[in-house]
Amino acid sequence: MIAAVSTPLGRGGIALVRVSGAAALNVARRVFTGRLEDHRVSYGKVIDPRDREVIDEALAWYMKAPKSYTKQDVVEISCHGGAVAAKRCLKALVLAGARIAEPGEFTRRAFLSGRIDLAQAEAVADIIAAESEASMKAAVYQLEGLLSRQLGKVRESLLEVLAHVEAVVDFPEDEVEDLREEDLEHKLRETLGILDRLLESSSRGRILREGIKVAIVGMPNVGKSSLLNAMLGTNRAIVTDVPGTTRDTLEECMELEGVPMVLVDTAGIRDTDDLVESLGVQRSMQALSTADVVIVVVDDSVGLTDQDRAILSATLRRPVIVAVNKVDRGLGKVSVEELKAAYPFPVVRISVTEEIGLDRLREVLLELAVGGAGFESVYVTNARHIEALKVAKESITEALEEVERGVPLDFAGMNVRRAIVHLGQITGETVDADVLDRIFERFCIGK
Amino acid sequence: MGAINWVAGEYDIVVVGLGHSGCEAALAAARMGAKTLAFSVNLDNIAMMPCNPSVGGPAKAHLVREVDALGGQIGICTDQSYLQMRMLNTGKGPAVWALRAQCDKREYYRNMRQVLESQPGLDLKQGLITEVVTDGRSVTGVKTATGMYYTCRAVVLTTGVYLNARVIVGEHSVASGPNGQMPATGLSDCLRALGLQLGRFKTGTPPRVSRKSVDLSQMEPQYGEDTPHGFSFIPSRHGRPQMPCFLTYTNPKTHEIIRANLHRAPLFSGVIEGVGPRYCPSIEDKVVRFAEKTAHQVFLEPEGRDTAEMYVLGLSTSLPEDVQVEMLRSIKGMERVQILRPGYAIEYDYVIPTQMRHSLECKTIRGLYCAGQINGTSGYEEAAAQGIIAGINAALSVRGKEPLVLGRDEAYIGVLIDDLVLKGTKEPYRMLTSRAEYRLLLRQGSADRRLTPIGRAVGLVGDERWSLFQKKQERMEQIRRALSAPVVPGSEIDERLEEMGTPRVKTQSTLLGILKRPEVSYSRLAVIAGLDISDKEAYTEVETEVKYEGYITKQMEEVERVRKLEARRIPQDLDYAMIHGLSTEGREKLSRIRPETVGQAMRISGVSSADISVLLVGLHRLGGRRA
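Listed in order, the protein sequences are those of chains P and Z.
Letter by letter, the first sequence follows residues 1 to 447 in this note's numbering.
Letter by letter, the second sequence follows residues 448 to 1074 in this note's numbering.
In case anyone wonders, no lab produced these hints; they're calculated from the structure.
Incorrect hints may appear among the rest.
To be verified - Computed cross-link-like contacts, DSBU-like style, restricted to lysine-lysine with a CA-CA straight-line distance of at most 35 angstroms:
#, chain 1, residue 1, chain 2, residue 2
1, P, K91, P, K67
2, Z, K1011, Z, K1001
3, P, K71, Z, K870
4, P, K390, Z, K1001
5, P, K153, Z, K572
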């Protein structure tokens, strides 16, 4: 018997407290005064089972096994939001005989009961860990089986190829038409395309989960700190506790159109008298090495310095935006044309103090960070899935090479099989029976 | 009932049935020193080929080579009675090259019978076994229909398609074994009484026709290979003359005749209840399922050197005999054909194979082994493969030794048995290369190196085979050594490389390095480098190892990865009811099949990956409690 508050504590107008297990109904009846009927919502009071003191007013419903998330008996109590009410309700349930669920335990039960598959279970875990609206969406889409559907397409196409290869090998004297190499190549390339797109999404997927690391670099007094504050402004992240990132005073979190970002503030390095300017450059370099996107701030009232050029040259290999700050002063010492000719970076003219060009900067930042793509596509966010996709991609690439080199087709077949096996590790499907079914469906075989 | 206790003989092992499975089981047991008695319902028809007069083909050839490598007989007998020999799939990778032989059926029988009769420690008898006698837990003997009782410590059931067999030709249906043989009645009831669960399968065979009545000149002849390969690692080739097969086709008229008579086809009218194999459909099935095809291949194959009888491959059918005649006569070259024996379907009982252990011993009855078609398989080769394993394990158990179980990475035999006992089968099971996940390791050329040492260890491989094996291994080692010779730029060998259409070396290399090039073959390299070409099997194996080293290594790594799960043992007394969270189906399957390892559990159909996670958690907790 496990119980937990299933909505984030202290946020939102209502909180959902859930009990799951064989005795869920009995436990719930001791703390909820309303009638609990299968799949019916009822109104009642949440009481302390010891002294029947009323804790809250609530709605509750009972889901009889196996028609519940965990396939066990489940009761959900929807009480008033706010940490206190939800926690007292949970405590009441514990007093009535439940124990507090471990993190993810409901999902684990759902998985173990066969209610959801592995990919879905992992998606739920991602939802729990979701720190922002966009990553939540990615996880939800995965849960809804979008990833499984995409993989289903790939698998279908690969099974087709494999069945043909195997039919030719296993029934050499039957009338199985030989697999044409160009058909095989075409199919494999098509598959490779889908795998590539899924993998490409994975880098975005990681970004969605961990946040995009944006480093703001530049020489002292170009306006890094004020840019940081301006960017944070209304966009400051609701949740500041980002898992997987080492938080120190130099990092701040924010959300841009639902995309989580971690601003790495090299402005936090105070330029004190004993710090020579070269050291400032060095620090900036360090921040650069771990960033997903870099904003290099230069001063329009000063012009490009050698140090600015050193920073720009050091960042050649990652996405960079050059923010030309202090354009409000009208000195125009930095030539946008010159910058664009020398470096392949987008340039945005801004003024932090006068709030000029900041929206444009956000736009460019978003574009660089997530490729401007909408969030309606599939994002592969799970490390295990990414690994499986990589092996599948590698296998298909090898198969293609083999076909090109004229290696006998059964070798390509082995690689195709390997790809299917690894994709199956995401969705939990195996290959053997499916290939045979396909062979006998498609080819007229037999004595 | 007076003769019930009349003990007619005392044996270690009794083999019931002398088809391809029974022959291997009986020979293996006797050769390992067990006092063995083998029964056939008709001693004139042992090692009979009631269907195709052919041995081998993809995966099946692999099985034959493996049985041979272990010390079995099917390979030798095939080499001594073939009418035609061909290597199939030569355009594909070495893993799927497959030898196929057309056999002289009577010659095969005579050869096998001679071997059985001259085998010390093996007695043959004609008789119908109707009862396996047990003391409740272990086998104690068998009883014949005529009331003879033989005591024994192990029984190997190799009853083929004879159990409660029924033959169907159109509207005609009769209790009969294949080819007019007596069916085995009585034994099915006995097995049920022993608590075994039986299923019912169906298979079929095409009509046989007289060579005199067909015009073979209208058909396309197919000849064997010029220098025939052999199945056995013991060479016994003495340049046998070969006979061709003949190819013709069905046509729209043939299909029309079939369609017009479907209402008389037992397959469609509901007369046949058993499940038939998908890879061996009847012609009526093919015409219905692949309606868009206007022609199907038909091969006429000789059944023997001294008979006019020919097998019509491709036309397996249970249509009424008059329809068979009409259908055949619509085919080119067969306009005046005379049928010698009509095609028929046969239904028979089999024992659900998930009731067997990997040793092929029944889980619930000690000393009772099942092998061959009784386990739901199809094919002479699949039968022989199980037969030799059941024979070996019966003999080992009599000696009180651990059974021999071959892994999926060791042999096709291992794949076959693992599939049968863990997954069962929904149709007569045929071996296919696509069932083997490590098929590059299971090449027919490497069967001896994989299995002959095992055959030697259990006492089945005699001195002759063992010495041949060792010599081949030595030759392969010599070839490998010779291949390590350097190739220096500008040397005589280097200068001749271009003759083979391959560039000269830039820096010092070795012959091995040259052989790895796709365009270079060992036989051509041998000419310029003076390498040994006296043993084709030996150098072909080395060549394969060299050329496909990368692939082979990769598969070996995969084997290692899986072996960890294979090594994770599940206690045999595990109470699955105590493991919370298993799906109902998973729990039921696991309790029934009782896998020995987590690896095995994963291969059971109906056991989901979630079940495996639950099981692993359960085993972990269990381990913790026990520790």
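Quick rundown of the hints versus the structure:
The hinted pair formed by K91 of chain P and K67 of chain P meets the criterion: a straight-line CA distance of about 26 angstroms does not exceed 35 angstroms. Restraint check for K1011 of chain Z and K1001 of chain Z: satisfied, since their Cα atoms lie roughly 16 angstroms apart, inside the 35 angstroms limit. Distance hint between K71 of chain P and K870 of chain Z is fulfilled; the C-alpha atoms sit about 27 angstroms from each other, no more than 35 angstroms. Taken as a hint, the K390 of chain P and K1001 of chain Z pair is honoured in the structure, with Cα atoms around 17 angstroms apart against an allowance of 35 angstroms.
Among the hinted pairs, K153 of chain P with K572 of chain Z is inconsistent with the structure: their alpha-carbon atoms are about 59 angstroms apart, more than 35 angstroms.
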